[in-house]
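J.: As a plain string of letters, each chain reads:
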Amino acid sequence: MRASRILAATAAVLAAATALAGLPGEAEARTLRWARSGDALTLDPHAQNEGPTAAVNHHIYETLVARDPKGALIPGLATAWRILPTDPTIWEFTLREGVTFHDGAPFTADDVVFSLNRALQPTSDYKGLLTSVDGVSKAGATTVHVKTKGPNPLLPNNLTNMFMMNKAWSEKNNVAKVQDFKSKEENFAVRNANGTGPFVLVSREPDVKTVMKRNDGYWGKSATVPLEVSEIVYTPIKADATRIAALLSGEVDFVQDVPVQDIERLKSTPNLRVTTGPENRTIFLGMDVGSADLKSDSVQGKNPFADKRVRQAMNMAINRAAIQRVVMRGQSVPTGVIMPPFVNGWTPDLDKAPAPDVARAKALLAEAGYGAGFQVTLNCPNDRYVNDEGICQAVVGMMGQIGIKVNLVSQSKTLHFPLVQKNPPETEFYLVGWGVPTFDSEYIFSFMYHTRDAKFGSWNALRYANADLDRKIESLSSEVDAQKRNATIAEIWKTVQEETLYLPIHHQTLAYAMTSSLDIPVDPENQPKLKYVVFKSM
Amino acid sequence: MIAFLVRRVIQAVGVFLAVGIIAFSMFRFVGDPVNQIVSIDTPYEERVKLRASLGLDDPIPLQIARYIGRAATGDFGISYQFRQPVSALFAERLPATLELAFCASVFAMVFGIVLGVVAALRRGTALAGTLETVSLLGISLPTFLIGILLIYVFSETLRWLPSFGRGDVVRIGGWTTGFLTWSGLKALVLPSITLGLFQMTLVMRLVRAEMLEVLRTDYIRFARARGLKTRAIHFGHALKNTLIPVITIAGLQLGSVIAFSIITETVFQWPGMGFLFLQAVQNVDIPIMAAYLLLVAFIFVVINLSVDLLYTAVDPRITISGGRAT
Chain P
6 MRASRILAAT AAVLAAATAL AGLPGEAEAR TLRWARSGDA LTLDPHAQNE GPTAAVNHHI
66 YETLVARDPK GALIPGLATA WRILPTDPTI WEFTLREGVT FHDGAPFTAD DVVFSLNRAL
126 QPTSDYKGLL TSVDGVSKAG ATTVHVKTKG PNPLLPNNLT NMFMMNKAWS EKNNVAKVQD
186 FKSKEENFAV RNANGTGPFV LVSREPDVKT VMKRNDGYWG KSATVPLEVS EIVYTPIKAD
246 ATRIAALLSG EVDFVQDVPV QDIERLKSTP NLRVTTGPEN RTIFLGMDVG SADLKSDSVQ
306 GKNPFADKRV RQAMNMAINR AAIQRVVMRG QSVPTGVIMP PFVNGWTPDL DKAPAPDVAR
366 AKALLAEAGY GAGFQVTLNC PNDRYVNDEG ICQAVVGMMG QIGIKVNLVS QSKTLHFPLV
426 QKNPPETEFY LVGWGVPTFD SEYIFSFMYH TRDAKFGSWN ALRYANADLD RKIESLSSEV
486 DAQKRNATIA EIWKTVQEET LYLPIHHQTL AYAMTSSLDI PVDPENQPKL KYVVFKSM
Chain X
16 MIAFLVRRVI QAVGVFLAVG IIAFSMFRFV GDPVNQIVSI DTPYEERVKL RASLGLDDPI
76 PLQIARYIGR AATGDFGISY QFRQPVSALF AERLPATLEL AFCASVFAMV FGIVLGVVAA
136 LRRGTALAGT LETVSLLGIS LPTFLIGILL IYVFSETLRW LPSFGRGDVV RIGGWTTGFL
196 TWSGLKALVL PSITLGLFQM TLVMRLVRAE MLEVLRTDYI RFARARGLKT RAIHFGHALK
256 NTLIPVITIA GLQLGSVIAF SIITETVFQW PGMGFLFLQA VQNVDIPIMA AYLLLVAFIF
316 VVINLSVDLL YTAVDPRITI SGGRAT
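Here the protein sequences come in this chain order: P and X.
Number 127 in this note's numbering belongs to position 122 of the first sequence; there are no gaps in the numbering.
Number 335 in this note's numbering belongs to position 320 of the second sequence; there are no gaps in the numbering.
Honestly, the hints are just simulated from the structure, not real lab data.
Just so it is clear, CB atoms sit at the ideal spot from N, CA and C, and this is done for glycine as well.
Treat the hints with caution; some may be incorrect.
[Said to hold, decoys possible] Distance ranges between label pairs, derived from CB positions:
(1) X:Leu160 x P:Gln416: 32 to 38 Å
(2) P:Ala495 x X:Asp73: 25 to 31 Å
(3) X:Phe313 x P:Asn276: 57 to 63 Å
(4) X:Glu60 x P:Val207: 37 to 43 Å
(5) P:Ala144 x X:Ile187: 50 to 56 Å
(6) X:Glu60 x P:Pro111: 36 to 42 Å
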């Protein structure tokens, strides 16, 4: 009896051991050292709506609605969501059960109400994505209702970066409010965190490193989310050369923000892998089409940009393939529309870039009465997008070919963007890039094409005003019928493309470099999610 | 002596005021901080409101007065980027900068003096010629290039030393030190050389020139005539007398090593104040920029004062009340 019991116990242990051995990665400790150019500014999930900050927070905190690595909406902390059939202004979210925060507290409807209200505070940087929200209420143990000021079919798209905090933890640590500039104390949430995410914060030293360990009780572990990484060491390395050297010397395993000139060298290095893919961001030129006269040009009493033929000629003068080949070293996707391919409303037809045609462009200019050309000033940032200044220099040359003499003013983003945003704008010809966090055309329309007023068009420095178009754009935010809505989107694109209001250049591509035991695809929002990582045997 | 110190303190206040005024009148040209604070989809109205609440629309003199008034009570404001008190951010990063500056200065002084003496005593030999050439390179190569070259050789190719960061640090009270761990010491090597190389070549050339001059003076000839040992003449008499200008230069250079380690810290991702400042400039983080400039002014005032006081210790002929103070 006794012997058999020992035997049985031994067998059980052996079985357990083999089971463990059969699942590599299950018990193995695997650290992934991750570097990119900037650090998260804070761990407070609602204080900064900014790339690296959200990328780090996505590992610790989670959202109701999430995006998979391809950008498609998937359930996060909410398992389902719908507009109430009885009231189109209420979105109902059904919450996932059995989820706990890192401190052990269960995830509840109260936490959702608390977190969304926190994101709505005046000091929150996410309130811009929630302007349509009228109120948040608990409708049951696992149900939350979000009331909007009018029907808002796109609300879930706006929640993919809206992180959920624990109400009790926040109140206990006095972080129910987002840090504001008046306070003299540092908010506890700036370097402490309690989320439901796949990784638990271990330590945080700003600009040095942030260490996270695997959350072994993570609800979302599955075949597609293997959670093989047991520890993440995140180190910001600002200098490009140092960051690449750290990868080459084996001090880090995975690097973002790879400079385009290093991609070929890294690709040819043994034991390294480079992945590339399009980012959710398009680079384009805008110009003043509305003013009666331009200040920076050589034409008196007239605005050449107001003439559609001039804009079409300029669009034809840009040799996008040459910019891609020479300036971007192949790392871009030339386009004819200011909309990244992930966005609802995108079609291959819209995306087709016009072929460069200098002869026809010259003819069009002559037809418009500018056969002798003219002179304008182009404003360009030099530290915001990949090779932004190089793109502008190329454009200067290409415009020169059709007789438009362009003076280039390139300066830091801190000086460039205010020119576009000031009211009235202080630039007449400028380069900007635009990403679409909601993955829907409406976001582009309301910021880039809608007439500039208190609510809309804050990035529209075109001085373009079209009341009919504005009405259509505004109708998108409350149209619940998807088919009708998409038809309106197509209509708007048709109008603005015909007008040639912006001169699209390309979609920006991203490159990640890593050791060959990893294969991390480029994330369209540049927020790699390491819970998906699978280690390959070398 | 007390009158001298009082005069110095009054001068220092003047320096701070001047730095504050110049800094604030220049911040207008750095760009718009509001643009860096809020997310891109913030409407125009909100931006205007935030700008007003930060007091950025007020006239420059009012902004300066308000800032200096608060700074006098030790309140340097909240960083726009990090939303943390600037004083806390500085306290956190000061140890990294000071340890790096200390190591760089020790490296510069030790190697500078030794190599300078060698170059002076072995004048005309191949060794001295080589040292001369190397020192020219050290003076003319830009810091970031030296840093990247060192990283390429010692991190990427040989893999001996880390390319970035401070390694493991030990926390003692409010101070973090890299001196107590092996990885911390290893991490100090490349940045210290990068930061100290310019200083080292400067000291070396200075020591060499001074030494050559001193060796030609009468008292050295008399010492030789008296039959003193060469060693005693070189190190007891000649070297000692070359050190006065070296102390001045080294003192002033220590200030610039602390204040302008910006490039080195950025190349090596060294979590010090220079790195913080560079990021602040890129993001128009006015509270950090203003406090940093005041701190730099403070460091220079203190160092100048110490150098003046040190003079009297090294050379008894100089007296402070004699109006020698500059």
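J.: Range hint 50 to 56 Å: satisfied by the CB atoms of Ala144 of chain P and Ile187 of chain X?
T.: holds (53 Å)
J.: Does the beta carbon distance between Glu60 of chain X and Val207 of chain P stay inside 37 to 43 Å, or does it fall outside?
T.: Holds, since Glu60 of chain X and Val207 of chain P (Cβ atoms, about 41 Å apart) stay within the stated range.
J.: Just tell me: holds or violated, for the beta carbon distance of Phe313 of chain X and Asn276 of chain P against 57 to 63 Å?
T.: violated (49 Å)
J.: I want to verify a distance hint. Is the separation of the beta carbons of Leu160 of chain X and Gln416 of chain P within 32 to 38 Å?
T.: Once the Cβ atoms are compared, 25 Å apart, the range 32 to 38 Å for Gln416 of chain P and Leu160 of chain X is violated.
J.: Indicate whether the distance between the beta carbons of Glu60 of chain X and Pro111 of chain P respects the range 36 to 42 Å.
T.: At 40 Å between Cβs, range holds.
J.: If I claimed the Cβ atoms of Ala495 of chain P and Asp73 of chain X lie 25 to 31 Å apart, would that claim hold in this structure?
T.: violated (49 Å)
When held up to the earlier numbered hints, the structure conflicts with 1, 2 and 3 and fits the remainder.
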